[in-house]
Amino acid sequence: MEYSPRYPQPFTISQAVGLDVGMITEEIARLQNSLAYLRSTQAQLKEVNDESPDPEFTKAMEENDDVIGSQEERISMLKIALTEKGI
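Residue numbers are given in full-length UniProt numbering: position 36 of the sequence shown equals residue 36, and the series is strictly consecutive.
Wrong hints could be hidden among the right ones.
[Unchecked claim] Estimated spans, in silico, between C-beta atoms of each pair:
(1) E51 - E84: 43 to 49 Å
(2) Y7 - E56: 31 to 37 Å
(3) P5 - K46: 23 to 29 Å
(4) N49 - P8: 24 to 30 Å
(5) N49 - S76: 27 to 33 Å
(6) P5 - R39: 48 to 54 Å
(7) E56 - G22: 36 to 42 Å
(8) N33 - A60: 15 to 21 Å
(9) I68 - T12: 20 to 26 Å
(10) A29 - E56: 30 to 36 Å
(11) L35 - F57: 36 to 42 Å
Think of the hints as simulated: they come from the structure by calculation, not from any bench.
C-beta atoms are modelled at their ideal positions from N, C-alpha and C, and glycine is treated no differently.
Model the full assembly from the supplied sequences, consistent with the hints where possible.
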């Protein structure tokens with residue numbers, strides 16, 4: 001399958017297909033947990049930054065947005081790998 005990630009990723013879909021199903025599902029769960037924490041942090045940063053704008057908070061929020069996008073993409077890649085494996 002041809003897939004061009006938007007963000008730099010530590011693996012390709014072909015490499016992910018070669019992983020054990022259990023490893024893929026564990027990584028998806030880990031990433032989902034990380035995303036929940038990042039989204040919570042984003043909400044807190046936004047609340048504080050809305051009350052008193054701070055360039056450091058704005059930068060942190062932008063960086064978190066990139067990490068969130070990358071992790072969401074990684075989950076999608078892993079789900080594609082599971083589909084390729086017939087799961």
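We went through each hint and held it up to the structure:
1. E51 - E84: 43 to 49 Å: 47 Å, holds
2. Y7 - E56: 31 to 37 Å: 23 Å, violated
3. P5 - K46: 23 to 29 Å: Holds: the Cβ-Cβ distance is about 27 Å, inside 23 to 29 Å.
4. N49 - P8: 24 to 30 Å: 27 Å, holds
5. N49 - S76: 27 to 33 Å: 29 Å, holds
6. P5 - R39: 48 to 54 Å: Taking Cβ atoms as reference, P5 and R39 lie about 21 Å apart, which means the hint is violated.
7. E56 - G22: 36 to 42 Å: 40 Å, holds
8. N33 - A60: 15 to 21 Å: Hint holds: Cβ distance 20 Å, inside 15 to 21 Å.
9. I68 - T12: 20 to 26 Å: The hint (20 to 26 Å, Cβ to Cβ) holds, given that I68 and T12 are roughly 21 Å apart.
10. A29 - E56: 30 to 36 Å: Between A29 and E56, where Cβ atoms are some 32 Å apart, the hint holds.
11. L35 - F57: 36 to 42 Å: For F57 against L35, whose Cβ atoms are near 20 Å apart, the range 36 to 42 Å is violated.
Violated hints for the displayed structure, listed by number in ascending order: 2, 6 and 11.
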